[in-house]
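Throw the hints in and build the complete structure from the sequences for me.
Numbering (the working numbering), first residue to last: 1 to 102.
FYI, nobody ran anything at the bench for these hints, they're computed from the structure. The C-beta atom is built at its ideal place from N, Cα and C for all residues, glycine as well.
Label-pair distances were calculated between CB atoms; the ranges are:
#1 34 / 91: 17 to 27 Å
#2 19 / 98: 27 to 37 Å
#3 41 / 72: 17 to 27 Å
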Amino acid sequence: MIVIVFRARFKEGVDTEELARLGSRMYTLASAMPGFVSYKDFESEDGESVSIVEFESLETLAAWRAHPEHRAVQHRARETLMSQYHIQVCDTIRDYAFKAQS
Numbered sequence: 001m002i003v004i005v006f007r008a009r010f011k012e013g014v015d016t017e018e019l020a021r022l023g024s025r026m027y028t029l030a031s032a033m034p035g036f037v038s039y040k041d042f043e044s045e046d047g048e049s050v051s052i053v054e055f056e057s058l059e060t061l062a063a064w065r066a067h068p069e070h071r072a073v074q075h076r077a078r079e080t081l082m083s084q085y086h087i088q089v090c091d092t093i094r095d096y097a098f099k100a101q102s
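Below, the structure is given as structure tokens:
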């Protein structure tokens, strides 16, 4: 499993409706890609946006990275929406869970 941690800050006065529309479209596209596992989005108190995305393999992630509409939105985001971002691509070393019985 490949885990992507995407941290971003948006430009002051950014159009939040456009962000929501683009985010929704990217989720629709990514979740339809073979190998997509999950996506969660969070916002910290200081305004940083953090997304955690999971793909089955580097190959399936590469297909998403190469998707033409995804590439176009990346370009638009760098030009007009984001003031900064940081991406980490991580390979899962260990994976385990716990769920209490109700």
